[in-house]
Amino acid sequence: MDILNALVAFLNFVFIPGLTYGAQLALGALGVTLIYGILRFSNFAHGDTMAFGTMVTILVTWWFQSIGITAGILPTALLALPFGIAATAALVLATDKAVYQFYRRQKASPTILVIVSMGVMFVMNGIVRLIIGVDDQNFADGGRFLISAGEFKSATGLAEGLAIKGTQAVTVITAFVVVAALFWFLQKTRTGKSMRAFSDNEDLALLSGINPDRVVQVTWILAAALATIAGVLYGLDKSFRPFTYFQLLLPIFAAAIVGGLGSPLGAIAGGFVIAFSEVVLTYAWKKVVTYVLPESLAPDGLLQLMATDYKFAVSFAILILVLLFMPTGLFKGKSF
Amino acid sequence: MSKNAKLFLGVAVLYLATGLLISWNQALFILNFALVSAIMALGVNIQWGYAGLFNTGIMGFAALGGLSVALVATPPVREAWAAGGTGILAGLGIGLATLAAGITLWKRMVPGRNRALALTLVLLAGFVIFRMVFDPAVTAVEAVNPSVSGNLGGLGLPVLLAWPLGGLLAALAAWGIGKTALGLRSDYLAIATLGIAEIIVAVMKNEDWLARGVKMMNVQQRPWPVPFEVDLQANPTFLNLANSLGFDPVTGSSILVKLTYMAMILAVLAGIIWLSERALNSPWGRMMRAIRDNEDAARAMGKDVTRRHLQVFILGSALAGVAGAILTSMDGILNPGTYQPLRFTFLIWVMVIIGGSGNNWGAVLGSLLIGWLWLIVETLGPTVMSGITAGMADGPLKAHLVDSAQHMRLLTMGVILLLVLRFSPRGLIPEK
Amino acid sequence: MAEPFLIGEAMTGGYGGADILHSCTIAVEKGEIAVIVGPNGAGKSTAMKAVFGMLKLREGHVRLDGEDITALTPQARVAKGMGFVPQTHNIFPSMTVEENLEMGAFIRTDDFADTVAQVFDLFPILKTKRNQPAGELSGGQRQQVAVGRALMTRPKVLMLDEPTAGVSPIVMDELFDRIIEIARTGISILMVEQNARQALEIADKGYVLVQGANRFTDTGKALMADPEVRRSFLGG
Numbered sequence: 001m002d003i004l005n006a007l008v009a010f011l012n013f014v015f016i017p018g019l020t021y022g023a024q025l026a027l028g029a030l031g032v033t034l035i036y037g038i039l040r041f042s043n044f045a046h047g048d049t050m051a052f053g054t055m056v057t058i059l060v061t062w063w064f065q066s067i068g069i070t071a072g073i074l075p076t077a078l079l080a081l082p083f084g085i086a087a088t089a090a091l092v093l094a095t096d097k098a099v100y101q102f103y104r105r106q107k108a109s110p111t112i113l114v115i116v117s118m119g120v121m122f123v124m125n126g127i128v129r130l131i132i133g134v135d136d137q138n139f140a141d142g143g144r145f146l147i148s149a150g151e152f153k154s155a156t157g158l159a160e161g162l163a164i165k166g167t168q169a170v171t172v173i174t175a176f177v178v179v180a181a182l183f184w185f186l187q188k189t190r191t192g193k194s195m196r197a198f199s200d201n202e203d204l205a206l207l208s209g210i211n212p213d214r215v216v217q218v219t220w221i222l223a224a225a226l227a228t229i230a231g232v233l234y235g236l237d238k239s240f241r242p243f244t245y246f247q248l249l250l251p252i253f254a255a256a257i258v259g260g261l262g263s264p265l266g267a268i269a270g271g272f273v274i275a276f277s278e279v280v281l282t283y284a285w286k287k288v289v290t291y292v293l294p295e296s297l298a299p300d301g302l303l304q305l306m307a308t309d310y311k312f313a314v315s316f317a318i319l320i321l322v323l324l325f326m327p328t329g330l331f332k333g334k335s336f
Numbered sequence: 001m002s003k004n005a006k007l008f009l010g011v012a013v014l015y016l017a018t019g020l021l022i023s024w025n026q027a028l029f030i031l032n033f034a035l036v037s038a039i040m041a042l043g044v045n046i047q048w049g050y051a052g053l054f055n056t057g058i059m060g061f062a063a064l065g066g067l068s069v070a071l072v073a074t075p076p077v078r079e080a081w082a083a084g085g086t087g088i089l090a091g092l093g094i095g096l097a098t099l100a101a102g103i104t105l106w107k108r109m110v111p112g113r114n115r116a117l118a119l120t121l122v123l124l125a126g127f128v129i130f131r132m133v134f135d136p137a138v139t140a141v142e143a144v145n146p147s148v149s150g151n152l153g154g155l156g157l158p159v160l161l162a163w164p165l166g167g168l169l170a171a172l173a174a175w176g177i178g179k180t181a182l183g184l185r186s187d188y189l190a191i192a193t194l195g196i197a198e199i200i201v202a203v204m205k206n207e208d209w210l211a212r213g214v215k216m217m218n219v220q221q222r223p224w225p226v227p228f229e230v231d232l233q234a235n236p237t238f239l240n241l242a243n244s245l246g247f248d249p250v251t252g253s254s255i256l257v258k259l260t261y262m263a264m265i266l267a268v269l270a271g272i273i274w275l276s277e278r279a280l281n282s283p284w285g286r287m288m289r290a291i292r293d294n295e296d297a298a299r300a301m302g303k304d305v306t307r308r309h310l311q312v313f314i315l316g317s318a319l320a321g322v323a324g325a326i327l328t329s330m331d332g333i334l335n336p337g338t339y340q341p342l343r344f345t346f347l348i349w350v351m352v353i354i355g356g357s358g359n360n361w362g363a364v365l366g367s368l369l370i371g372w373l374w375l376i377v378e379t380l381g382p383t384v385m386s387g388i389t390a391g392m393a394d395g396p397l398k399a400h401l402v403d404s405a406q407h408m409r410l411l412t413m414g415v416i417l418l419l420v421l422r423f424s425p426r427g428l429i430p431e432k
Numbered sequence: 001m002a003e004p005f006l007i008g009e010a011m012t013g014g015y016g017g018a019d020i021l022h023s024c025t026i027a028v029e030k031g032e033i034a035v036i037v038g039p040n041g042a043g044k045s046t047a048m049k050a051v052f053g054m055l056k057l058r059e060g061h062v063r064l065d066g067e068d069i070t071a072l073t074p075q076a077r078v079a080k081g082m083g084f085v086p087q088t089h090n091i092f093p094s095m096t097v098e099e100n101l102e103m104g105a106f107i108r109t110d111d112f113a114d115t116v117a118q119v120f121d122l123f124p125i126l127k128t129k130r131n132q133p134a135g136e137l138s139g140g141q142r143q144q145v146a147v148g149r150a151l152m153t154r155p156k157v158l159m160l161d162e163p164t165a166g167v168s169p170i171v172m173d174e175l176f177d178r179i180i181e182i183a184r185t186g187i188s189i190l191m192v193e194q195n196a197r198q199a200l201e202i203a204d205k206g207y208v209l210v211q212g213a214n215r216f217t218d219t220g221k222a223l224m225a226d227p228e229v230r231r232s233f234l235g236g
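Protein chains in written order, with the UniProt record's numbering: chain B, 1 to 336; chain Y, 1 to 432; chain S, 1 to 236.
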């Protein structure tokens with residue numbers, strides 16, 4: 001029995017990947033939940049908004065690299081991120097003006113807005129594919145590993161290595177900073193509070209003199225920033241492919257709904273619930289279990305509950321379970 | 001002439017122009033694609049237009065239709081059945097039995113910790129037994145001649161049977177999905193069905209024993225009475241005909257095959273439209289619309305809304321299954337990788353909304369128009385783009401632009417959808 | 001007689017379709033309490049909403065301190081010194097009591113700490129619950145938050161749409177006491193009430209509406225004394 005090695009293997013293959021992926025999903029889900037809270041519809045174009053922001057960031061990253069600007073040990077993409085956010089914010093604000101505003105004035109039903117967001121999804125998807133194509137793009141640079149498996153092994157003398165990729169560390173730290181900043185904004189600033197008020201009770205917010213157009217604008221800018229950051233972190237950690245980002249819609253929505261649509265705290269919790277469930281259910285536990293159990297009981301199979309390709313099924317199953325048994329989510333939805 | 005007739009005439013002109021200016025082969029190819037899409041669009045229309053159900057999982061049901069083609073028409077692989085057929089069937093049986101036991105348990109037992117515990121135990125035990133029976137069987141089956149089969153194969157029946165059976169398979173799946181997800185709010189239902197479709201396609205990609213997964217599966221059978229082109233080209237009657245009418249036998253055979261398909265699809269489509277129109281104008285159809293327009297009022301009047309929704313969900317999904325089966329039998333190959341939500345789900349939605357949701361003729365018109373646009377851009381896009389970029393120096397940018405011209409169609413679809421939603425939200429042929 | 005501080009004069013209009021109000025007049029003097037009573041469906045709330053600009057008038061005018069405000073939006077009327085407490089959905093449930101007050105003062109650019117203090121003086125319970133989400137408070141406390149929120153703009157007129165709906169009689173008496181207290185600070189009160197008897201007791205002026213038109217208008221005391229009003233609207 002070798003608890004220590006089992007623990008390291010667990011950290012290496014389950015905890016750290018889950019934490020990283022969870023942070024990415026949480027950021028994505030925050031964007032979805034903000035839009036739902038303020039604009040009151042499920043934005044199907046969110047995955048493609050992420051793709052757009054990431055694409056701009058990648059293009060700027062390449063440009064920086066070509067003129068010799070890098071961020072040293074950090075990925076150059078972090079320097080390019082503000083440009084990606086600015087471009088995405090401009091795009092979604094223009095989209096709001098050209099598309100959503102009309103339906104808002106009409107007080108169209110949320111379902112109509114979802115369909116409208118489908119149209120926006122097509123357009124954004126087309127733009128991204130047109131500009132950068134459909135292929136995988138890898139744009140991570142900077143330090144590969146914070147701790148490499150080899151270093152860890154030689155430092156601790158354990159058989160199992162613990163590797164922390166630079167991008168994983170960047171993801172978790174960035175996500176933490178972004179979430180802290182967002183909550184500070186929502187809880188402490190006048191604009192943030194007015195957004196919460198608007199989400200809570202739109203009519204009363206109007207009566208109190210809160211400017212709805214401004215609330216909506218700020219919401220879009222925040223959503224664009226969150227989507228871009230989530231997309232860039234995901235792309236750094238894995239890789240960028242437009243279609244993958246469209247598919248992320250499912251786990252992201254699952255995270256937002258599981259947490260309770262409209263609740264930022266819920267979005268974060270939901271992100272981690274979905275991410276850890278996916279990793280735990282699709283990880284082959286053989287390695288960890290072999291360390292814990294005596295040799296005679298060593299498992300034959302991989303002890304993998306589900307093939308990795310079925311990770312969507314995990315998001316989906318959790319989504320359905322939560323919707324059936326806890327329809328407002330873990331944190332009561334529709335409130336900040 | 002009525003406005004609707006003019007619209008259909010306009011679309012007909014598009015196809016004729018395609019035939020005259022590009023090729024008849026191309027025009028028919030697009031037409032067949034559009035007609036099959038029309039079947040799916042009618043399915044969406046029944047669900048959304050009649051009942052207001054927001055199903056974004058059309059792709060999954062179409063994929064099941066495609067799967068039925070492989071399962072019906074390909075010959076069975078005897079060695080594979082011998083190696084693991086019973087194991088797989090038993091495994092699936094155990095899986096279903098576990099689910100059934102879980103559901104019964106949930107319904108019968110008193111809510112509380114004991115019920116949760118019992119349910120968890122049943123599901124866990126069922127899962128372990130399922131894997132113990134299922135996994136070795138799958139390994140055995142997939143080891144049988146993996147380069148050409150590695151699957152159980154099909155029933156070796158006429159492929160035409162796969163069309164209704166594809167509908168049936170999709171209907172069965174829709175029943176299961178509807179039972180769990182139909183109570184959900186519309187945007188949740190959309191997310192749920194989107195997820196279901198991805199899962200169905202993931203299963204088809206990964207379960208090689210079923211239909212070879214991403215290794216794809218050829219269906220070397222055509223639905224009666226569609227001939228093979230090579231047979232036609234060897235047929236003296238056909239050659240004589242080609243000779244006397246003065247057309248090229250190779251092109252001619254391809255066109256004849258497409259025409260035969262077209263006639264068959266038209267027959268299916270006509271049947272569906274007829275039934276669907278009858279249903280729409282029957283008391284059932286009026287009740288459906290009443291439910292769509294005011295669910296609470298309909299419920300208060302004693303209508304079983306949940307049951308009606310399930311009915312409509314199954315019917316619409318079955319149509320998607322039929323269409324999926326037709327497409328795969330036309331392609332002659334089942335490739336799960338081709339199932340893309342943009343193409344199989346959202347494009348169909350665009351067709352319905354642009355045509356006019358709630359109106360069957362609108363859905364058909366939308367399919368013909370959008371189907372044409374979708375494929376014509378594929379053909380013409382690179383040409384047009386080369387024309388636009390003709391003045392540019394050859395280089396990576398030009399090459400990139402010409403290459404990515406086909407992505408223009410996503411953009412175009414999106415813009416069209418947004419314009420129609422904004423300026424003509426009821427579509428080209430609005431609901432009566 | 002000089003014109004009342006706030007008057008909705010000969011108001012006629014409805015929500016698009018048929019008119020609900022028929023030449024209905026509602027007014028309130030400075031620092032006084034005016035109460036609108038009447039049977040269900042008489043258009044009491046509609047009259048109030050018309051005064052506040054939430055309903056388009058076909059005929060008639062609304063004047064505040066002599067100024068015609070008929071064309072102004074509700075938001076603009078808030079800026080002019082009118083406060084409105086809707087009957088339901090009148091708080092921000094997930095925000096704390098203090099944040100609710102802060103949102104009430106959203107249009108103010110000056111320091112409103114003293115106004116918060118005044119509201120807390122008026123409703124001491126709110127001070128102890130200042131950091132609790134308003135949605136978690138009891139019905140009566142929520143009404144206090146709602147009134148407090150409306151007071152944050154330091155309105156000259158406070159309009160209350162059935163402030164005592166759904167609260168216990170004890171809480172109702174307490175709320176009425178507070179409303180009298182608010183009126184004493186010089187704020188005019190215009191309110192719609194279901195509990196006609198208690199409301200008329202504290203009213204300087206009472207309006208009995210029937211089918212969107214004025215039926216009786218007099219001081220609260222006089223209406224209470226009027227046998228016909230008693231018989232028809234106060235249950236004997």
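Simulated from the structure, these hints should not be mistaken for lab results.
Accuracy of the hints is not assured; some may be wrong.
Unchecked claim - Here are the computed lysine to aspartate or glutamate pairs in the EDC-like style, where the Cα-Cα straight-line distance is at most 20 Å:
1. Y:Lys398 - B:Asp203
2. B:Lys188 - S:Glu98
3. S:Lys56 - B:Asp237
4. B:Lys332 - S:Glu136
5. S:Lys80 - B:Asp203
6. B:Lys188 - S:Asp111
7. S:Lys80 - S:Glu136
8. B:Lys107 - Y:Asp293
9. Y:Lys215 - B:Asp203
10. B:Lys188 - S:Glu29
11. Y:Lys3 - Y:Asp293
It should be emphasised that the depicted structure is a prediction, and the values quoted were computed from it without experimental measurement.
Verification of the supplied hints:
no. : hint                : result
1   : Y:Lys398 - B:Asp203 : violated (53 Å)
2   : B:Lys188 - S:Glu98  : holds (12 Å)
3   : S:Lys56 - B:Asp237  : violated (57 Å)
4   : B:Lys332 - S:Glu136 : holds (13 Å)
5   : S:Lys80 - B:Asp203  : holds (19 Å)
6   : B:Lys188 - S:Asp111 : holds (17 Å)
7   : S:Lys80 - S:Glu136  : violated (32 Å)
8   : B:Lys107 - Y:Asp293 : holds (17 Å)
9   : Y:Lys215 - B:Asp203 : violated (57 Å)
10  : B:Lys188 - S:Glu29  : violated (40 Å)
11  : Y:Lys3 - Y:Asp293   : violated (27 Å)
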